[in-house]
Amino acid sequence: MAVVNKKGLLFVLILLAIIFPLIVPNQYYIHILTLAFIWTIAVYGLNLLSGYTGYLSLAHAGFFAIGAYSLGLLTVKVELNYWLAFMLSPIITCIIGVMIGLIALRTKEHFFAIYTLCVGYIIYLIIDKWDSLTGGVRGLIGIPAPADIGFISLSTPLSQYYFVFIILLLVIFTVYRIVHSLTGRSFTAIRNSEPLAQSLGISPMRNKLTSFVLSTFYAGLAGALYASFIRFIGPEIAYTTITFDLLTYMIVGGIGTLSGPLIGTLLIVWLSQNLQFLQDYRMLIFGPLLTLIIIFAPGGISGTFLQWRARRKEKQRINMTTMKKQA
Amino acid sequence: MLKLVNLTVKYGNFEALHRVNLEVDHGEIVVLLGANGAGKSTTFQTISGLNKPVSGHIMLNGQSIAGKSPDKIVKMGIVQCAEDRKLFQQMTVQENLMLGGYVHRGKKSRLRATLQEVFELFPILYEKRSNPAGSLSGGQQQMLAIGRALMAKPEFMLLDEPSIGLAPLIVEQMFKSIQQINQEGTTILLAEQNANAALSIADKGYVYESGKVVVQGSAEELLANEEVRKAYVGA
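The listed protein sequences derive, respectively, from chains U and F. In this text, residue positions in the first sequence follow this note's numbering: the first is -9, and each later residue adds one. In this text, residue positions in the second sequence follow this note's numbering: the first is -13, and each later residue adds one.
These aren't lab readings, by the way, just hints derived from the structure by calculation. Quantities reported herein were computed from a predicted structural model and do not represent experimental measurements. From the three backbone atoms N, C-alpha and C, an ideal C-beta is built for every residue, glycine too. It cannot be assumed that every hint is accurate.
Every beta carbon over 12 angstroms from chain U, so not counted as near; a handful from chain F, in silico [stated by the list, open to error]:
no.: 1; residue: A21
no.: 2; residue: G23
no.: 3; residue: Q76
no.: 4; residue: L97
no.: 5; residue: E106
no.: 6; residue: M137
Stretch by stretch, here's where chain U covers chain F in the computed footprint (C-beta under 8 angstroms, at least three residues) [said to hold, decoys possible]:
no.: 7; region: 43 to 57
no.: 8; region: 62 to 72
no.: 9; region: 77 to 84
Facing chain U, according to a computed beta carbon distance under 10 angstroms, are these residues of chain F, among others [unchecked claim]:
no.: 10; residue: S34
no.: 11; residue: G87
no.: 12; residue: H90
no.: 13; residue: K162
My request is simple: use the sequences and hints to build the entire structure.
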């Protein structure tokens, strides 16, 4: 029953996303939703590491920017074929991810968060100061939109919306498969207790590094999509505020859940669009909201719902058994 | 098979183990007795690689394993079943078991066969295979912890206080299961407070006191030993 419901819900959501541009033929909304999908991909990456493996990374805007700049530089300066550059960008991000991960993962908990926060800021500084390569504060202009695939053109906002949506579906599917595989379980095992995982023969370093690199892959992929969608990138996409945006999306949606990143990102993006008139005072609403969520519902929207459902099921089970006993 | 030679372990300045010598032969059940804090768990953690010794050797089949990383030691066939039934509470019973077989993840058919064996040994785990581990009773959780350790197909199992917090009847069952596991070819090193029950299935034992082995001998000798009886058997 539950499986059918879940599948049905998924089907409805996908259908809704497909027909959304047809019922709301507003360019602006389509633009915002495409951007939200791109952020969602990055949040899925962050969630794999921070949610499932328990290592809170604050460097993800940096990796996002590395993906974006890889695509930008490869297409603008090297003038590489778009699709080749598109595939190389997440891979470059991964390679840098391996190098940073090997050092960062020697630390734990708060220290890992602090260390990655610094790494993220250093990435921002490098992009900002390395004028000759990245264009510094002026940024990179003239990044091409996704090249046509055969006769399918990807230069209109509508086609880009569907393109990003398909990639998002692929991301969710792969994350689903990873989380439900033995590798994913070993990530969760490490999150629960590293010594316990070790005593079962799980090598923490190897698994943490796998999680870290996978997580940077998604961040890099999102960055590459961002670069070819916005077609202009500046160093501010590596800045700490972006990291904390991603973090907010993840925590509001539900850390360590599959639907959390999607729910959180869409909700917060929609909210901040509707509160546009408040300008930067929006943070006066988001700040307390985030604090309240962390105190009263640390599982976020998705996590709290799952907990509530688990409790209800448990209650039903107990009622059933007592009824059986009475009968 | 497993031999500890002059093993010394420190936590900071505190010496938790002082020159411990211990020997376990293939197919034996050896029990470690001692009060809380005597050094039984430290011995286990050091064998499984979670602690590093300051000096001394740990030999497995003539090969030194001291200082190796825990996952390598599990691959060599030593699996620890930690105290207090440390399980992954939110994961289901079957997921916990499958994680226990992590080192054999390449051999799917063999893992499935081992899973069947564990389910045969503890049928209740099969019944509850899709329940979260946290919802099991104490005894069932201990069975799951032992079953999870068995999934790695260990040659040598370290069992840390499997009877802790269990009802007497369950304890009896637990020891029967341990004996059965041993008869099927797994060598067992067992830490216990319940000396009577433990010595009744053991070949020999070591008595710990503040980080040192103070008495050692066959199970009969220990049961006959006046001081051991007073301290641990309560007769």
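Right, here's what the structure says about each hint:
Against the 12 angstroms criterion, A21(F) stays outside the reach of chain U, whose nearest CB is about 23 angstroms from its own CB. Taking the minimum C-beta to C-beta distance to chain U, about 19 angstroms, the non-interface status of G23(F) holds against the 12 angstroms cut. Against the 12 angstroms criterion, Q76(F) falls within the reach of chain U, whose nearest CB is about 8 angstroms from its own CB. Remark: the non-interface label on L97(F) conflicts with the geometry, its nearest Cβ contact in chain U lying 10 angstroms away (cut-off 12 angstroms).
For E106(F), the condition that its CB be more than 12 angstroms from all CB atoms of chain U holds, with the nearest at approximately 21 angstroms. Against chain U, the non-interface label of M137(F) is violated: not every CB pair exceeds 12 angstroms, the least being about 9 angstroms. Check result for the region 43 to 57 of chain F against chain U: holds, 3 residues qualifying (beta carbon to beta carbon below 8 angstroms, three or more required). Coverage of the region 62 to 72 of chain F by chain U holds. Counting CB-CB distances below 8 angstroms, 4 residues qualify, and the rule asks for three or more.
With 3 residues having a Cβ less than 8 angstroms from any Cβ of chain U, the region 77 to 84 of chain F passes the three-residue criterion, so the hint holds. Interface hint at S34(F): satisfied, since its Cβ lies 6 angstroms from the closest Cβ of chain U, which is below the 10 angstroms cut-off. Taking 10 angstroms as the C-beta contact cut-off toward chain U, the hint placing G87(F) at the interface holds, the least distance being around 9 angstroms. Given hint, H90(F) at the interface with chain U, holds; its Cβ is 9 angstroms from that chain's nearest Cβ, closer than 10 angstroms.
With 10 angstroms as the threshold, the beta carbon of K162(F) stays out of range of chain U, its nearest partner Cβ sitting at about 25 angstroms, so the hint is violated.
When held up to the earlier numbered hints, the structure conflicts with 3, 4, 6, 13 and fits the remainder.
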